[in-house]
Amino acid sequence: LKDIDMTYHGDDFVSDSDVVSQDFVDKLLVDAFDIKMVGRIGPSFAASGQILKREITWTPAGFTWSGDTNLVEKLLCDLNLSEGKAAPTPGTVDTGKNERTSLDMLEVSAAKQTASSGGLEMYIALDRPDIQFAVKTAMSDISKPSVLMQLRVCRTARYLKGKPKLVWHFDYQDVPKAT
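Following the numbering used here, the numbering of the sequence shown begins with 4 at its first residue and continues without gaps.
A portion of the hints provided could be inaccurate.
To be verified - Listed next, the in silico BS3-like pairs over lysine-lysine satisfying Cα-Cα at most 30 Å (straight line): (1) 180 to 56; (2) 77 to 147; (3) 77 to 5; (4) 30 to 5; (5) 30 to 77; (6) 180 to 164; (7) 180 to 147; (8) 56 to 100; (9) 115 to 180; (10) 30 to 88; (11) 88 to 5; (12) 88 to 166; (13) 115 to 39; (14) 139 to 180.
What the hints assert, rightly or not - Label pairs and their in silico Cβ distance ranges: (15) 54 to 166: 21 to 31 Å; (16) 103 to 178: 28 to 38 Å; (17) 108 to 69: 14 to 24 Å; (18) 126 to 8: 18 to 28 Å; (19) 101 to 165: 19 to 29 Å; (20) 53 to 22: 17 to 27 Å; (21) 115 to 178: 26 to 36 Å; (22) 133 to 6: 50 to 60 Å; (23) 101 to 36: 50 to 60 Å; (24) 17 to 110: 21 to 31 Å; (25) 63 to 146: 47 to 57 Å; (26) 87 to 168: 40 to 50 Å.
Keep in mind the hints are simulated off the structure, nothing from the lab. Ideal Cβ placement from N, Cα and C applies to all residues, glycine included.
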């Protein structure tokens with residue numbers, strides 16, 4: 004058997020290996036657990052598939068990975084931002100700068116909504132390095148949600164409105180030669 008790279012989340016397993024090793028992994032899992040196989044992605048197999056609602060595709064150049072865009076739609080709906088224009092960046096140092104009430108605490112219902120939307124942005128950020136810093140900055144005030152936090156969460160959501168999908172490209176590379 005060759006190298007087998009495997010990861011799991013809860014009861015979902017994903018592995019990467021050659022066909023013979025993958026057959027071994029499949030048999031091992033089928034013998035040990037009552038499982039549902041969703042298939043293989045790659046040469047001689049399916050061109051695309053999903054794991055944890057993330058889309059994985061294969062082309063002769065390599066693989067791509069993208070997050071669940073339905074979460075962006077939910078975020079925009081939850082924040083009532085489905086209409087209006089998108090923001091060009093996920094956050095700026097000027098967000099909330101001219102808002103006189105930016106340091107005021109939010110009322111309970113607004114605080115819960117902002118915290119919930121910020122949490123959803125944190126989940127989206129797992130697949131989106133372009134928003135990770137902005138989300139971290141907004142969520143640094145989670146223990147005392149303020150108007151500034153709300154403005155930051157909304158700014159990131161407006162950015163996602165204009166860029167709802169980010170696709171990671173993992174192109175095949177030559178194996179480096181040992182020197």
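Now for the hints, and whether the structure bears them out:
Only pairs whose Cα atoms come within 30 Å are accepted, and residue 180 paired with residue 56 is rejected, the gap being roughly 37 Å. For the given pair, residue 77 sits about 24 Å from residue 147 by alpha-carbon distance, which is consistent with the 30 Å threshold. At roughly 42 Å between alpha-carbon atoms, residue 77 and residue 5 are farther apart than 30 Å, so this suggested pair is violated. At most 30 Å may separate the alpha-carbon atoms for a hinted pair to count; residue 30 and residue 5 meet this at roughly 16 Å.
Annotation: proposed proximity of residue 30 to residue 77 is violated, straight-line Cα distance about 39 Å (limit 30 Å). With a CA separation close to 44 Å, the supplied pair residue 180 and residue 164 exceeds the 30 Å bound. Proposed proximity of residue 180 and residue 147 is contradicted: the alpha carbons are some 54 Å apart, above 30 Å. Under the criterion of a C-alpha separation no larger than 30 Å, the hint pairing residue 56 with residue 100 is inconsistent with the structure, at around 37 Å.
A C-alpha spacing of about 54 Å is found between residue 115 and residue 180, which places the hinted pair above 30 Å, so the restraint is violated. Straight-line distance between C-alpha atoms of residue 30 and residue 88 comes to about 51 Å, which puts the hinted pair past the 30 Å bound. With a CA separation close to 51 Å, the supplied pair residue 88 and residue 5 exceeds the 30 Å bound. Restraint check for residue 88 and residue 166: satisfied, since their Cα atoms lie roughly 12 Å apart, inside the 30 Å limit.
Between the alpha carbons of residue 115 and residue 39 the distance comes to roughly 37 Å, so the proposed pair goes past 30 Å and is violated. In summary, the hint linking residue 139 to residue 180 is not supported, as the alpha carbons are separated by about 39 Å, beyond the 30 Å threshold. Hint check: residue 54 to residue 166, Cβ distance near 22 Å, so the stated range 21 to 31 Å holds. Between residue 103 and residue 178 the C-beta distance comes to about 59 Å, which lies outside the given range of 28 to 38 Å.
Against the hinted window of 14 to 24 Å, the Cβ-Cβ separation of residue 108 and residue 69 comes to about 37 Å, which falls outside the hint. Distance hint check: the CB atoms of residue 126 and residue 8 are about 24 Å apart, consistent with the given range 18 to 28 Å. One distance hint, 19 to 29 Å for the beta-carbon pair residue 101 and residue 165, holds here, with the actual separation near 22 Å. Checked against the given bound of 17 to 27 Å, the beta carbons of residue 53 and residue 22, roughly 21 Å apart, stay inside it.
Separated by about 51 Å at the C-beta atoms, residue 115 and residue 178 break the suggested range of 26 to 36 Å. The given range of 50 to 60 Å is broken by residue 133 and residue 6, whose C-beta atoms sit roughly 31 Å from each other. Hint check: residue 101 to residue 36, Cβ distance near 57 Å, so the stated range 50 to 60 Å holds. Between residue 17 and residue 110 the C-beta distance comes to about 43 Å, which lies outside the given range of 21 to 31 Å.
Between residue 63 and residue 146 the CB atoms are about 49 Å apart, so this pair conforms to the stated range of 47 to 57 Å. Range check, residue 87 to residue 168: about 19 Å between beta-carbon atoms, so the 40 to 50 Å window is missed.
Of the hints listed earlier, those the structure fails to meet are numbers 1, 3, 5, 6, 7, 8, 9, 10, 11, 13, 14, 16, 17, 21, 22, 24 and 26, in rising order.
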